[in-house]
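Residue numbers (my numbering), protein chains in the order written: chain A, 1 to 98; chain B, 1001 to 1175.
Rather than coming from a laboratory, the hints here were simulated on the basis of the structure.
A few of these clues could be false.
[Said to hold, decoys possible] In silico SDA-like pairs for lysine to any residue, Cα to Cα no more than 25 Å straight-line:
(1) B:Lys-1022 with A:Arg-63
(2) A:Lys-7 with B:Asn-1163
(3) A:Lys-25 with B:Ala-1073
(4) B:Lys-1133 with A:Trp-87
(5) B:Lys-1047 with A:Asn-70
(6) B:Lys-1128 with A:Asp-97
(7) B:Lys-1128 with A:Lys-25
(8) B:Lys-1022 with A:Val-92
(9) A:Lys-25 with B:Gln-1091
(10) B:Lys-1047 with B:Ala-1030
(11) A:Lys-25 with B:Ala-1090
(12) B:Lys-1128 with A:Pro-95
(13) B:Lys-1133 with A:Asn-70
(14) B:Lys-1133 with B:Pro-1045
(15) A:Lys-7 with A:Asn-70
(16) B:Lys-1022 with A:Pro-28
(17) B:Lys-1133 with A:Lys-25
(18) A:Lys-7 with B:Lys-1128
(19) B:Lys-1133 with A:Gly-84
(20) B:Lys-1128 with A:Asn-70
(21) A:Lys-25 with B:Phe-1089
[To be verified] Selected chain B positions facing chain A (Cβ under 8 Å, derived; list incomplete):
(22) Ile-1130
(23) Pro-1134
(24) Leu-1140
(25) Ser-1154
(26) Ser-1169
We treat Cβ as the ideally placed atom computed from N, Cα and C, and that holds for glycine.
Here is what each chain is made of, one letter per residue.
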Amino acid sequence: MPTAAAKARDDFINSHASLFAEWHKVAPPETDWGTYFREEIRNAAAHVVRPEGRRVLNPDRPRERVLLQNDASVLLNLAAEAIGERWPTPVVVTPRDW
Amino acid sequence: MIHVVGLRSPIAFRLPGPLTAKSLTADLQAVGIAFDGHEFIWHPPMKRELDGETDDYGPMISVLVPGTEDSPAVADALQRFFSAVAFRFAQPVEDVIHGGVGGNDPWNPHGARTQRYYAATHVIDAPKEIAVKPDEALWLALAIYREGINATSSIYRCLCFKNVLDANSCGQSAG
């Protein structure tokens, strides 16, 4: 059962992931995006011994590598979006005069 | 003393100006960028001839360290600078080797270089200054984001970007 904080993150992910996934032509998961990234990516990446029925990441599987590359692209956009949403101008650049 | 860092990054800066045939074919220059009270000199990639062979080296950063007691502060600012650049320009910035050079000339292009990793160069108009809001949670988010951008492993990239989402929920435990 996800904590309240995890649920809030899932809600953020679920409200934004489809757009980025569509952009990268990544098919949606069977669950919602938030649950997928938490259970099948983050937890699967951190633990190789998993309960029966849970995803075990095996980087030797070619298809798995492609899926992970796709997921990384969607997560990159989500991460940048999350930073920009909380801090609208996180990095301020002062241009140089010509 | 000068703190020098050999980088694995495709970034090189150019002084802003009109795009002309001359400017497009000119050698890339070292530029100074102000950040957090320091001036960081970003040296472009370089070639070096040795015994008839040409070695390609990646970019380098150098910064003046006024006194040994300033070293920790400069080292902290340097890492935050890398994270700010990686986020702002969405390109890898990985510090591969660090070193120290005597003297007080940070514009010297030699010091700490690593083999050039990226075949292409991402040329950007050099800003005068880069600043990040003084917020520890933001610094952490940018730092982890840079780890993800730098990584070539998809599993590690996924972990880093998911951790950015977690770090973004400041004060809340990850579920």
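Structure-based check of all given hints:
1. Note on B:Lys-1022 and A:Arg-63: the hinted pairing is violated, with a Cα-Cα distance of about 47 Å set against a maximum of 25 Å.
2. Among the hinted pairs, A:Lys-7 with B:Asn-1163 is consistent with the structure: their alpha-carbon atoms are about 15 Å apart, no more than 25 Å.
3. A distance of roughly 44 Å separates the Cα atoms of A:Lys-25 and B:Ala-1073; the hinted pair therefore is violated under the 25 Å criterion.
4. Only pairs whose Cα atoms come within 25 Å are accepted, and B:Lys-1133 paired with A:Trp-87 is accepted, the gap being roughly 9 Å.
5. For the proposed pair B:Lys-1047 and A:Asn-70, the alpha carbon gap of about 35 Å is over 25 Å, so the pair is violated.
6. Between B:Lys-1128 and A:Asp-97 the alpha-carbon distance is near 8 Å, which keeps this suggested pair within the 25 Å criterion.
7. Only pairs whose Cα atoms come within 25 Å are accepted, and B:Lys-1128 paired with A:Lys-25 is rejected, the gap being roughly 38 Å.
8. Of the supplied pair hints, the one linking B:Lys-1022 and A:Val-92 is violated, its CA atoms being roughly 30 Å apart against a limit of 25 Å.
9. Restraint check for A:Lys-25 and B:Gln-1091: satisfied, since their Cα atoms lie roughly 22 Å apart, inside the 25 Å limit.
10. Our distance criterion of 25 Å between C-alpha atoms is met by B:Lys-1047 and B:Ala-1030, whose separation comes to about 14 Å.
11. Of the pairs offered as hints, the one joining A:Lys-25 and B:Ala-1090 holds, with about 20 Å between alpha carbons and a cut-off of 25 Å not exceeded.
12. At most 25 Å may separate the alpha-carbon atoms for a hinted pair to count; B:Lys-1128 and A:Pro-95 meet this at roughly 5 Å.
13. A hinted pair counts as satisfied when its Cα atoms are at most 25 Å apart, and B:Lys-1133 with A:Asn-70 does not qualify at roughly 31 Å.
14. The straight-line distance between the Cα atoms of B:Lys-1133 and B:Pro-1045 is roughly 30 Å, outside the 25 Å bound, and the hint therefore fails.
15. Distance check on the hinted pair: A:Lys-7 and A:Asn-70 sit about 23 Å apart at the alpha-carbon level, within 25 Å; holds.
16. Between B:Lys-1022 and A:Pro-28 the alpha-carbon distance is near 48 Å, which puts this suggested pair outside the 25 Å criterion.
17. Between B:Lys-1133 and A:Lys-25 the CA atoms are separated by roughly 34 Å; this puts the pair beyond 25 Å, and the hint is violated.
18. At roughly 41 Å between alpha-carbon atoms, A:Lys-7 and B:Lys-1128 are farther apart than 25 Å, so this suggested pair is violated.
19. For the suggested pair B:Lys-1133 and A:Gly-84, the alpha carbons sit about 12 Å apart, so the restraint of at most 25 Å is met.
20. The suggested pairing of B:Lys-1128 with A:Asn-70 is violated, with an alpha-carbon distance near 36 Å, which exceeds 25 Å.
21. For a cut-off of 25 Å, the pair hint linking A:Lys-25 to B:Phe-1089 stands: about 24 Å separates their Cα positions.
22. With a least beta-carbon distance of about 6 Å to chain A, the hint placing B:Ile-1130 at the interface is held under the 8 Å criterion.
23. Evaluation of the B:Pro-1134 hint against chain A yields a violated restraint, the C-beta minimum of about 11 Å exceeding 8 Å.
24. Because the smallest distance between the Cβ of B:Leu-1140 and any Cβ of chain A comes to about 11 Å, over 8 Å, the interface hint for this residue is violated.
25. The restraint placing B:Ser-1154 at the interface with chain A holds, with a minimum CB-CB distance near 4 Å, inside the 8 Å limit.
26. Interface hint at B:Ser-1169: satisfied, since its Cβ lies 5 Å from the closest Cβ of chain A, which is below the 8 Å cut-off.
When each numbered hint is compared with the structure, violations occur for hints 1, 3, 5, 7, 8, 13, 14, 16, 17, 18, 20, 23 and 24.
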